[in-house]
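Protein chains in written order, with our numbering: chain G, 1 to 333; chain Z, 1001 to 1159.
Rather than coming from a laboratory, the hints here were simulated on the basis of the structure. You may find that some hints are simply not true.
What the hints assert, rightly or not - Covered by chain Z, per the in silico footprint, the following chain G stretches (three or more residues, Cβ under 8 Å): (1) 105 to 119; (2) 146 to 155; (3) 165 to 179; (4) 241 to 251.
Claimed, not checked - 16 Å max Cα-Cα, derived EDC-like pairs, lysine to aspartate or glutamate: (5) Z:K1021 - G:D34; (6) G:K52 - Z:E1118; (7) Z:K1008 - G:E332; (8) G:K13 - G:E320; (9) G:K248 - Z:D1087.
If you're wondering where the values come from, they're calculated on a predicted model, not measured in any experiment. Glycine included, each C-beta is placed from N, C-alpha and C at the ideal position.
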Amino acid sequence: MLQGHQTWIFPSKPVILASAAVGGPFEAQGPLADDFDILNDDIWLGQESFEKAEKKMLEQACEKAIDKAGLKKEDVHFLLSGDLMNQIISSSFAARTMGVPFLGLFGACSSSMESLALASLLVDSSSAKYALAATSSHNGSVNKQFRYPSEYGSQVPPTAQWTVTGAGAALVAHEGEGPKVVSATIGRVVDMGISDPFNMGAAMAPAAVDTIQAHFRDMGVGADHYDVIATGDLGRVGHHIAADLLQKHHIDIPAKTFTDCGLLIYSDDQPVVAGGSGCACSATVTFGHFLKKLRKGEINRILIVATGALLSPLSYQQKESIPCIAHAVAIEH
Amino acid sequence: MSNKKNKKLSPVQQEYQAFAKAREPKRPVLKNSLRAFFVGGTICFIGQLFQWIYITYFGFNEMTAGNPTVATLIIIAVFMTGFGFYDHLAQYAGGGTIVPVTGFANTVASAAIEHRTEGYVLGVGGNMYKIAGPVITYGVVSAFFIGLIAVALKALGGM
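Bound conformation, chain G alone (with noise of 0.2 Å):
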């Protein structure tokens, strides 16, 4: 149901009736190591190729969480699932695999809350049961499609993100045990000027806080109606800035509320300059760590905005800058 202007509220507040999160050997070396339901130690995973084990990855989470559920892959009525990959070949390989209904989508990092948002939509809607949203990405199919190789030495700036190797999938029911989607903003596409692609942290910064600003004019709350309010890879460089644009536009989120996925995976001693990034960022971040801690009643009101940088390597070659994109979701114990 609409609210305001491009929120959905979901008054049959549909289920999250269990999650998955799936990691590489790096995420296993973070402080988020025990909330991954399987960490591999291999990137490579026994396959041939990154994309190969990246599309692995999506396939084990999808089934952790279907498992987790207690139901069968053919109780799941559509699966919702998107991807870094060109083609998002990630999410309809792995589809292949599912063989359930398929709608693939692309929000680059932002897939998890976008799937999420559609999963929570269909549900809610009665157009599905069971709906699975999924993502991943993996830090070596990325490197190469919009970085440089693996191995090519060079030097990368303090700004520079880290791709999250993992996958992260959320069965959402309309019935059940579990923590409950209620409402979900999507948001408009916020282009800053920034052309910089080793500094999406600033590029992205602007549509987390459209979509946050947005989020409350439409819901009507304040940032004290949520326990965590939590973006999706912003890393240290984009989280400040995001931070301080807030209070700028007279938004006053409290420090302790206020995150970042791609602070929480990684430790400080981890090679990862500003952060992880990443569509598995906040899909392992929020699907493993924050629903965990909202099933354990930790926490009870979580605001997931992830955010996602719309480029492909060929418009930053012809220096277009950065379209960037935030879809908030909420979600109650």
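Mind docking chain Z on chain G? Use the hints.
Just chain Z, lined up with the frame of chain G:
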């Protein structure tokens, strides 16, 4: 940022970019320069050492020792790339690992490794010079024009 680039941006974008820039960590230029100087210098020192070995023990002279010296450095750099060490050294050293011949070896080897999964022909063959290609292209082109200038100067009796 140049003013020319700024002109394309709206006032709001310009204002934001200044806002963001004030909050971005700067590249530590002095630290980077010092590290580049020492690591780059060490690589050159090792090269010098090999040259001395080739001259002293293998009968090369100062003119001919260049080839085996460069080849040795390239082989070492390629192995370091293959074992996943070179990129870490480069994050520390910056320009220090790019400028010597080892940097060039790394660009070719890293691209070849990266695209092995797309096969030997289209993958390795097609992508090996993805990063090194522009250097070769413009190296050859500029060498050609410098050559033309040299020939012209000679013809005019300038050299």
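Now the hints, each set against the structure:
1. 105 to 119: violated (count 0)
2. 146 to 155: Holds, because 8 residues of the stretch 146 to 155 of chain G bring their Cβ atoms closer than 8 Å to Cβ atoms of chain Z.
3. 165 to 179: violated (count 0)
4. 241 to 251: holds (count 4)
5. Z:K1021 - G:D34: violated (36 Å)
6. G:K52 - Z:E1118: holds (12 Å)
7. Z:K1008 - G:E332: With Cα atoms ~44 Å apart, Z:K1008 and G:E332 exceed 16 Å; violated.
8. G:K13 - G:E320: violated (40 Å)
9. G:K248 - Z:D1087: Measuring from Cα to Cα gives roughly 40 Å; hence the hint is violated.
Consistency with the previously given hints fails for numbers 1, 3, 5, 7, 8, 9, ordered from lowest to highest.
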